[in-house]
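One line per chain: the protein sequences are Y and R, in this order. Numbering of the first sequence is given in the numbering used here, commencing with residue -7 and proceeding in unit increments. Numbering of the second sequence is given in the numbering used here, commencing with residue -9 and proceeding in unit increments.
Check the hints yourself; a few may be wrong.
Unchecked claim - Covered stretches of chain Y (chain R as the covering partner; in silico rule of three or more C-beta atoms under 8 Å from a C-beta of chain R):
(1) 80 to 90
(2) 166 to 178
(3) 207 to 218
(4) 305 to 318
(5) 364 to 378
Said to hold, decoys possible - Dumping the calculated EDC-like pairs for lysine to aspartate or glutamate here, alpha-carbon to alpha-carbon at most 16 Å:
(6) Y:LYS70 to R:ASP310
(7) R:LYS82 to Y:GLU89
(8) Y:LYS70 to R:GLU218
(9) Y:LYS70 to R:ASP305
(10) Y:LYS191 to R:GLU312
(11) R:LYS41 to Y:ASP133
(12) Y:LYS196 to R:GLU218
(13) R:LYS42 to Y:ASP210
(14) Y:LYS70 to R:GLU45
(15) R:LYS41 to Y:GLU131
(16) R:LYS42 to Y:ASP133
(17) Y:LYS196 to R:GLU341
(18) Y:LYS103 to R:ASP310
(19) R:LYS175 to Y:ASP102
(20) R:LYS115 to Y:GLU89
(21) Y:LYS70 to R:GLU29
(22) R:LYS82 to Y:ASP133
(23) Y:LYS70 to R:ASP173
(24) Y:LYS184 to R:GLU18
Unchecked claim - Here are the computed distance ranges between Cβ atoms for each label pair:
(25) Y:ALA363 to R:GLU178: 22 to 30 Å
(26) R:SER368 to Y:GLU235: 40 to 48 Å
(27) R:GLU344 to Y:GLN274: 35 to 43 Å
(28) Y:GLN280 to R:GLU312: 48 to 56 Å
(29) Y:ASP361 to R:ALA83: 55 to 63 Å
(30) R:SER355 to Y:THR383: 40 to 48 Å
(31) Y:ASP361 to R:GLU344: 38 to 46 Å
(32) Y:THR383 to R:ASN169: 26 to 34 Å
Derived by calculation from the structure, the hints in this document are not laboratory data. All values reported here derive from a predicted model rather than from experimental measurement. Ideal Cβ placement from N, Cα and C applies to all residues, glycine included.
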Amino acid sequence: MNFNLMGLFLAGCTLAQAGDWRQFRGPFGNGFSDETSVPVALDGDKSIAWKINLPGEGVSSPIIVGDRVFVTCSGGLKQQRLYVLCFSTKDGSILWERQFWATGRTMCHDKTSVAAPTPASDGKQVVAMFSSSDIVCLELDGNLLWFRGLGRDYPNASNSLGMTSSLLIAGGVVIAQVENDSESFTAGLDLKTGVNQWKLERPKHANWTSPVVLKVGDQEFVSLQSAKGVTTIDPVTGKAIWEYTDGASPTPSSALNNGVLYVPSHGLTALQPGAPGEAPRQLWRSSQLRPGTASPTIVGGKVFILNDGGVLTCGEISSGNRLWQLRLQGPFSATPVAAGKYLYCVNEKGLVQVVDVSKPEGEIVSQFDFAEKILSTPSIAGGAIYFRSDTRLWKIGKS
Amino acid sequence: MIKNILQILVVVTAFGTAIASASTEIAESLKAIRAVGPEGQGNVAASAGWKKLAESNVASLLPILEAMDGANDYALNWMRAAVDAVAERELKAGGKLPLAELGKFLLETRHNPKARRLAFELIAKADATTADKLLAGMLNDPSLEIRRDAVQKVIGQANQFLESSNRTGAVLLYQQALNSSRDVKQIETITMKLKELDQPVDLLKLFGFLAEWKIVGPFDNTGNKGFEKVYPLEKNVSFTGEFDGKTGKVRWQDYTTKHKYGMVDMNQPYGKLKEVVAYAATEFYSEQAQSVELRLGGKNSWKAWLNGKLLFARDEYHADAEIDQYPMPVQLQAGRNLILIKVCQNEELKEWTEEWEFQLRVTDSLGTPILSARKPGSAEASNASFEKNKGNQ
Chain Y
-7 MNFNLMGLFL AGCTLAQAGD WRQFRGPFGN GFSDETSVPV ALDGDKSIAW
43 KINLPGEGVS SPIIVGDRVF VTCSGGLKQQ RLYVLCFSTK DGSILWERQF
93 WATGRTMCHD KTSVAAPTPA SDGKQVVAMF SSSDIVCLEL DGNLLWFRGL
143 GRDYPNASNS LGMTSSLLIA GGVVIAQVEN DSESFTAGLD LKTGVNQWKL
193 ERPKHANWTS PVVLKVGDQE FVSLQSAKGV TTIDPVTGKA IWEYTDGASP
243 TPSSALNNGV LYVPSHGLTA LQPGAPGEAP RQLWRSSQLR PGTASPTIVG
293 GKVFILNDGG VLTCGEISSG NRLWQLRLQG PFSATPVAAG KYLYCVNEKG
343 LVQVVDVSKP EGEIVSQFDF AEKILSTPSI AGGAIYFRSD TRLWKIGKS
Chain R
-9 MIKNILQILV VVTAFGTAIA SASTEIAESL KAIRAVGPEG QGNVAASAGW
41 KKLAESNVAS LLPILEAMDG ANDYALNWMR AAVDAVAERE LKAGGKLPLA
91 ELGKFLLETR HNPKARRLAF ELIAKADATT ADKLLAGMLN DPSLEIRRDA
141 VQKVIGQANQ FLESSNRTGA VLLYQQALNS SRDVKQIETI TMKLKELDQP
191 VDLLKLFGFL AEWKIVGPFD NTGNKGFEKV YPLEKNVSFT GEFDGKTGKV
241 RWQDYTTKHK YGMVDMNQPY GKLKEVVAYA ATEFYSEQAQ SVELRLGGKN
291 SWKAWLNGKL LFARDEYHAD AEIDQYPMPV QLQAGRNLIL IKVCQNEELK
341 EWTEEWEFQL RVTDSLGTPI LSARKPGSAE ASNASFEKNK GNQ
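Build out the structure end to end from the sequences listed, making use of the hints.
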């Protein structure tokens, strides 16, 4: 078999399917998966389909496209070595690995990593970003399509605590939030070539939040959160569609549900976008729903807020009323993800606590201890849930 | 018989043409990749070239590595990923890498340090023992990663000496490691070990932080506007006269840091002020014109000038600081060079926002400290000396 034919064969195996998890917090931008067979009873090592060692550290989430899982890592001197890795979802075998050298600054706080932003995929390509503001775009079989060194192009575009905003793809444009105290901007990069389609000046303020896609009919818009509020833009032009200027957190990101944006602002604020050019309508605001580092997760008409210490708060999505609270073992950095009526919360020590959120006060129904530091948000696809630490990637579910 | 010979000739010719064609294709691909630049410039052509490189066989590894010499950082990444792809495919297919050629390339230190490190890692994949043995001769390698690994081996040997109570041997090996290391974390590990062995290291001297300064301040930085404001002394540093400060007239004064990491701490002379700017200046004497790096660390907003030319400005407060945080490649002139730093403090009142400081050293591209040939303040004497030396040449 020549390599071209082999490429075609591999491409056939990797056609993206429904149920992919192609970006930070999954397909709905709120941590929820509509998968129905994700394991609930985590029964020791029996639950582990496979685990593999990673060559470097990272707090980015794995993303899953078809039968492939993609992970970023950083390592080496000052974490200047950047990795994009592709594994088979079936057995965890490595399909390919590409390494790059950071061109921007790699300094970051001990609690994060240069491999902090989660990659994104449109089902044909995977785009990975690092805290150094280096961005690489690869075909699913590892062919390099383009490379950008935004930290090199714009020398003050860095944060000495690290950059964590994850990538998003909308309208054929890669949205990269490079927001910080100094040279702060969001760039729209042509997915095909990586060149700037637009570059939008943004508030000079450290920002670790990630963008979300808002769908209005057939149109896609992108909401950019910052300490000043939320700016929703047309991803093709970068032009602002509407703005919310009442401030927001620079750490946890907004979540989306049925066209309503739940913004970590004064606790949590629900915004109903209006027509282009119109300010969004505030549906409610709750100071009792106050996210920590983790972003809000939305499951079955309820919004879940997890603070850093481990208090899980359930709020009614229609009103913002607090319904119940449950004490989990913290501390937490990772955002919980959900499938069915179960919320998967992994604390910083690697303890996964599965909460049945349909119970009147919520109930922990299962636990599993990876016994390793985990700050990364898990990912769900193909009836399995994926966790990563600084040293390992696990698939929990059927092999 | 003749027919057979002709057939062989045809095959050989075709093979030769194929090789020539392949090498031309690789050369063209590398040319396209080397042409990439800022803001995605050249990405489309590079992508097409990359695929051709990635599909080529292991014979292309050396040409790709060699093409890294003199390439910019964008192009280096394209080529690195191509090497990954070619080597990965070959190894998966059970093939072999050209170890002898890779070894020759590795040992030629004129090549790009990153490319040499990549060659080293390819060798290590195939023959970890040989790679490990090679490290013994690479303590002073121009590749910082290779050097770090080589130093780490020496640290390991020193640790073994220590475990077997050979303190003298351990001290010697730690000192050897210290002489070669350019990695800050590694240096800190070694100096801690030496301290435990009653061999304290003067870090200020070891790193070569500039300790003697003249400073002036405080000036106003209300609303962080002082960062952009051009105070008169930015245009002319004479160390004389007085200026309108934030709360009255201010003058240059001498300041010498004794901080082990060379911090120039403005809180010491001025108190824990907020919304203020101060300047620090020093003279650095170089015996010849040379390329060096000024390496600044600090968590306040700052600007840096060399001989009146603005080098870099960084507007970020109280995020984090580390040694060599901001390396700035510069050209020193022979004789006196004037370094001016503007360091700003903002309005935040939390305890972790008290620092109003920076550290600076002059190094080569590897981080080896370069010291001033004269003490600051000896301009006339040193210039005269340089002039005299020139006359003797």
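Results of checking the hints against the structure:
1. Here's how the stretch 80 to 90 of chain Y fares: 3 of its residues keep a CB closer than 8 Å to some CB of chain R, so the rule of at least three is met and the hint holds.
2. Residues of the stretch 166 to 178 of chain Y with a Cβ under 8 Å from some Cβ of chain R number 3, which satisfies the need for three, so the listed coverage holds.
3. As drawn, the stretch 207 to 218 of chain Y meets chain R at 0 residues by the rule of a beta-carbon pair under 8 Å; below three, the given contact is violated.
4. Coverage of a stretch by a chain is defined here by at least three residues with a beta carbon nearer than 8 Å to that chain's beta carbons; for the stretch 305 to 318 of chain Y and chain R the count is 0, and the condition is violated.
5. Counting residues of the stretch 364 to 378 of chain Y whose C-beta sits closer than 8 Å to any C-beta of chain R gives 0, which falls short of three, so the coverage hint is violated.
6. Of the supplied pair hints, the one linking Y:LYS70 and R:ASP310 holds, its CA atoms being roughly 15 Å apart against a limit of 16 Å.
7. At most 16 Å may separate the alpha-carbon atoms for a hinted pair to count; R:LYS82 and Y:GLU89 meet this at roughly 12 Å.
8. Straight-line distance between C-alpha atoms of Y:LYS70 and R:GLU218 comes to about 31 Å, which puts the hinted pair past the 16 Å bound.
9. A threshold of 16 Å between alpha carbons decides the hint, and for Y:LYS70 with R:ASP305 the separation of about 22 Å lies outside it, so the pair is violated.
10. Among the hinted pairs, Y:LYS191 with R:GLU312 is inconsistent with the structure: their alpha-carbon atoms are about 30 Å apart, more than 16 Å.
11. The hinted pair formed by R:LYS41 and Y:ASP133 meets the criterion: a straight-line CA distance of about 12 Å does not exceed 16 Å.
12. Between the alpha carbons of Y:LYS196 and R:GLU218 the distance comes to roughly 15 Å, so the proposed pair stays at or under 16 Å and holds.
13. For the hint linking R:LYS42 to Y:ASP210, the alpha-carbon distance of about 39 Å lies beyond 16 Å, and the restraint is violated.
14. Note on Y:LYS70 and R:GLU45: the hinted pairing is violated, with a Cα-Cα distance of about 32 Å set against a maximum of 16 Å.
15. Taking the CA atoms of R:LYS41 and Y:GLU131, the gap is about 11 Å. The hint holds against a cut of 16 Å.
16. Pair hint R:LYS42 plus Y:ASP133 holds up; C-alpha atoms about 15 Å apart against a cutoff of 16 Å.
17. Only pairs whose Cα atoms come within 16 Å are accepted, and Y:LYS196 paired with R:GLU341 is rejected, the gap being roughly 22 Å.
18. Simply put, Y:LYS103 and R:ASP310 have alpha-carbon atoms about 13 Å apart, close enough for the 16 Å limit, and the pair holds.
19. Distance restraint check for R:LYS175 and Y:ASP102: the Cα-Cα separation of roughly 14 Å lies within the 16 Å cut-off, and the hinted pair is therefore satisfied.
20. A distance of roughly 14 Å separates the Cα atoms of R:LYS115 and Y:GLU89; the hinted pair therefore holds under the 16 Å criterion.
21. Between Y:LYS70 and R:GLU29, the direct Cα distance comes to roughly 24 Å. Violation of the 16 Å bound is thereby established for this hinted pair.
22. The hinted pair formed by R:LYS82 and Y:ASP133 meets the criterion: a straight-line CA distance of about 15 Å does not exceed 16 Å.
23. Only pairs whose Cα atoms come within 16 Å are accepted, and Y:LYS70 paired with R:ASP173 is accepted, the gap being roughly 9 Å.
24. With a C-alpha separation of about 22 Å, the suggested pair Y:LYS184 and R:GLU18 falls outside the 16 Å cut-off, and the hint is violated.
25. At about 29 Å, the beta-carbon gap between Y:ALA363 and R:GLU178 stays in the expected band of 22 to 30 Å.
26. Taken as a hint, the range 40 to 48 Å is violated for the pair R:SER368 and Y:GLU235, whose Cβ atoms sit roughly 59 Å apart.
27. Between R:GLU344 and Y:GLN274 the C-beta distance comes to about 39 Å, which sits within the given range of 35 to 43 Å.
28. For the pair Y:GLN280 and R:GLU312, the beta carbons lie near 40 Å from each other, so the given range of 48 to 56 Å is not met.
29. Judged by the Cβ atoms, the range 55 to 63 Å given for Y:ASP361 and R:ALA83 is violated: they are separated by roughly 40 Å.
30. The given range of 40 to 48 Å is broken by R:SER355 and Y:THR383, whose C-beta atoms sit roughly 33 Å from each other.
31. Against the hinted window of 38 to 46 Å, the Cβ-Cβ separation of Y:ASP361 and R:GLU344 comes to about 40 Å, which satisfies the hint.
32. Separation of Y:THR383 from R:ASN169 is about 33 Å and conforms to the stated range, judged on CB atoms against 26 to 34 Å.
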